[in-house]
Amino acid sequence: MEDRPLVQVVPLGRVDETAVNVTAAHLQAVLDLNTQILSARPVPDYALVPGRHQYNALSIIDALTRDAPPSVLRLGLLRQDLCLPIMSFVYGEAQIEGQGAVVSLYRLGTTEDGRPVSPDQLYDRLAKITLHEMAHVLGLIHCRAPGCLMRFSPNPGHIDRMDMIFCPDCSMELVRRRTRLFRNYLASEP
Amino acid sequence: MNRPFKILIVDDEEAMRESMKAWLLKDGYVVETAASGFEALDVLAARRPDLVLIDIKMPGMNGLELLGRIKENQPEMPAVIITAYGSIKSAVEAMKLGANDYLLKPLDPEHLMLLMGKMVRQSAMIQENEALRARLAEQDGATFGDLIAQSEPMLRVFDLIEEVAVSEASVLITGETGVGKELVARAIHSRSGRALGPFAAINCGAVAPNLLESELFGHERGAFTGAVRSKRGRVDLADAGTLFLDEIGEISPQMQVSLLRVLEEKTFLRVGGTEPVESDFRLICATHRNLPVMVRTGAFRQDFFYRINIISLHVPPLRERRQDIPLLARHFLLRFAREMGKPVEGLNVEALRLLEAYAWPGNVRELRNVMERAVVVGRGRLIGPRELTFIHPESETPPQERSLSQVEAEHIRRTLEYCGWNVSRASQILELDRGTLNRRIKKFDLKRPD
Chain A
1 MEDRPLVQVV PLGRVDETAV NVTAAHLQAV LDLNTQILSA RPVPDYALVP
51 GRHQYNALSI IDALTRDAPP SVLRLGLLRQ DLCLPIMSFV YGEAQIEGQG
101 AVVSLYRLGT TEDGRPVSPD QLYDRLAKIT LHEMAHVLGL IHCRAPGCLM
151 RFSPNPGHID RMDMIFCPDC SMELVRRRTR LFRNYLASEP
Chain B
1 MNRPFKILIV DDEEAMRESM KAWLLKDGYV VETAASGFEA LDVLAARRPD
51 LVLIDIKMPG MNGLELLGRI KENQPEMPAV IITAYGSIKS AVEAMKLGAN
101 DYLLKPLDPE HLMLLMGKMV RQSAMIQENE ALRARLAEQD GATFGDLIAQ
151 SEPMLRVFDL IEEVAVSEAS VLITGETGVG KELVARAIHS RSGRALGPFA
201 AINCGAVAPN LLESELFGHE RGAFTGAVRS KRGRVDLADA GTLFLDEIGE
251 ISPQMQVSLL RVLEEKTFLR VGGTEPVESD FRLICATHRN LPVMVRTGAF
301 RQDFFYRINI ISLHVPPLRE RRQDIPLLAR HFLLRFAREM GKPVEGLNVE
351 ALRLLEAYAW PGNVRELRNV MERAVVVGRG RLIGPRELTF IHPESETPPQ
401 ERSLSQVEAE HIRRTLEYCG WNVSRASQIL ELDRGTLNRR IKKFDLKRPD
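One line per chain: the protein sequences are A and B, in this order. Each residue of the first sequence is one higher than the one before, counting from 1 in my numbering. Each residue of the second sequence is one higher than the one before, counting from 1 in my numbering.
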């Protein structure tokens, strides 16, 4: 049995393999979570919001977590644009202290004036959004500390200016949350 | 956020309600939801959120109706309306009804984040203001601080204080020494828009005339012998607040001219300074003198008098509002008993009768001092006549209750006591011959104490 809690990365539709690997690597390295990449699932057409050409992030998370084993976290990755019914768009969405999150590459590949960004920059943004959303799953909320990964990012430019680190307070909280998750994970194993 | 910011979301559509809740939870807010206007009113009757987010289009009671109901019962409750594109007219209507802002669906994450930040800051400011006002009220006492009264003349003064507080006009407070003119000035300040600013006070009559200019306007280093460092004056210190000049009738005509210039120009020069300094203050003056008479005799400048006397407020002497005496006496008594840790609980009937009969030439200040001394010397729960020491004991009994022969008898007795019962000396003071004085002593049955 692996000694760390498990997070499963689930590509939804056709997703760049490097993007999936980068995501898994960051979850493992920064959040110290044992990561597993599952085989791709179809694009979640059930979550398509009529008239908006966008996918409801909450419906996707619901579907992803419905069949997840207890104490296993799941992260969905897709190229399509995400939204919430009330919000015009989201880069990603997560269940606070829950089991699932979903992140979209749709708005990460261009600059604010619409020019394409380099693959390195795209993966950097993806990693930051993924870490942010998975920290929500662990129970963290937005943080006001400048540069912290838990600070709300209104645009890709803001994501670029963030460092790949959590502030000391959020780091401490992450350790606490991860320990609790690990305890639950061990208890759930037969 | 120091404490969780609580939000109530009111929307009949579950998807909207829950997605808004999910988003706000990630930002650390405490969120409650209601599926209708009626449900929202039930929630509001039991709990007080910091913000209500209301969808405008709902069956049954729509968002505007709900907003109207909320503002009717809790006008201070912050509310933001959420509306769809094409319903700007309703949003404008909502703003008229008192909504703090409106959001267009679907919401832009950055816009929502900025609006929430604004609402949190506003809420914190409102709470801070409420706390400050409560603290100010606490410092001032339950009503008008030591301006405690139930008499008609003082209740009229209280009304005037409330009226003039909202104005920026200069106020001249008149009244005898000890009636509480500074307390009135402080009450005006604490109820004005400048309450959070400073209250800079100076008694013009208590400062030597040659030092008054420096006290008022400050001085630069080296301006005169002894000015080893620069100092800010009261006019400077009153910036954004209230300047209170007590005993304004005592200042020299030259100083009146200087002050008049400051009032006109709102700038002044420190003593020894060359750069004009700006100060934005509201002026309140007080005097026990009859300034109109002083103006007529030329002792007070007419232009300066008109400038400071835009609103005048007269504080009546204590003898003209005797029903306030028991109230004030008890207030001071309990306050000093608390401060000194004495078990004094009140006054007995005789003591109260004496207080009510006394003329109080020193007004409330004298009453306060008498009560302070009574608590110091008092031994029991109730203060009696023996513990009361009056500064002007001759007025212990009001004139209307004493006949001329009673006054005569009292005066002769006092004179004899003053002279150690030396009848010759007393007859000289009283300008009576010895025989007449002896007859009066016999007539009034005055006896030398053993």
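No lab work stands behind these hints: they were computed from the structure. Virtual Cβ for every residue (Gly too), placed ideally from N, Cα, C. A few of these clues could be false.
Calculated pairs, EDC-like style, for lysine to aspartate or glutamate (alpha carbon to alpha carbon, straight line, at most 16 Å) [as the list claims (entries may be wrong)]:
(1) K105(B) / E13(B)
(2) K26(B) / E173(A)
(3) K21(B) / E173(A)
(4) K96(B) / E128(B)
(5) K118(B) / D101(B)
(6) K96(B) / E65(B)
(7) K447(B) / E417(B)
(8) K105(B) / E168(B)
(9) K26(B) / E17(A)
Pairwise CB distance ranges, derived in the manner of DEER restraints [claimed, not checked]:
(10) V175(A) / E275(B): 44 to 50 Å
(11) K118(B) / S118(A): 35 to 41 Å
(12) D280(B) / P168(A): 40 to 46 Å
(13) E65(B) / L38(A): 46 to 52 Å
(14) A206(B) / D169(A): 34 to 40 Å
(15) R338(B) / H158(A): 31 to 37 Å
(16) P168(A) / P75(B): 52 to 58 Å
A few chain A positions that, by computed beta-carbon distances, are all more than 12 Å from chain B [claimed, not checked]:
(17) A25
(18) P69
(19) S118
(20) L122
(21) H132
(22) P154
(23) L186
Structure-based check of all given hints:
no. : hint                          : verdict
1   : K105(B) / E13(B)              : 13 Å, holds
2   : K26(B) / E173(A)              : 15 Å, holds
3   : K21(B) / E173(A)              : 23 Å, violated
4   : K96(B) / E128(B)              : 26 Å, violated
5   : K118(B) / D101(B)             : 10 Å, holds
6   : K96(B) / E65(B)               : 13 Å, holds
7   : K447(B) / E417(B)             : 10 Å, holds
8   : K105(B) / E168(B)             : 45 Å, violated
9   : K26(B) / E17(A)               : 29 Å, violated
10  : V175(A) / E275(B): 44 to 50 Å : 58 Å, violated
11  : K118(B) / S118(A): 35 to 41 Å : 36 Å, holds
12  : D280(B) / P168(A): 40 to 46 Å : 44 Å, holds
13  : E65(B) / L38(A): 46 to 52 Å   : 50 Å, holds
14  : A206(B) / D169(A): 34 to 40 Å : 55 Å, violated
15  : R338(B) / H158(A): 31 to 37 Å : 58 Å, violated
16  : P168(A) / P75(B): 52 to 58 Å  : 43 Å, violated
17  : A25                           : 24 Å, holds
18  : P69                           : 23 Å, holds
19  : S118                          : 25 Å, holds
20  : L122                          : 20 Å, holds
21  : H132                          : 10 Å, violated
22  : P154                          : 4 Å, violated
23  : L186                          : 28 Å, holds
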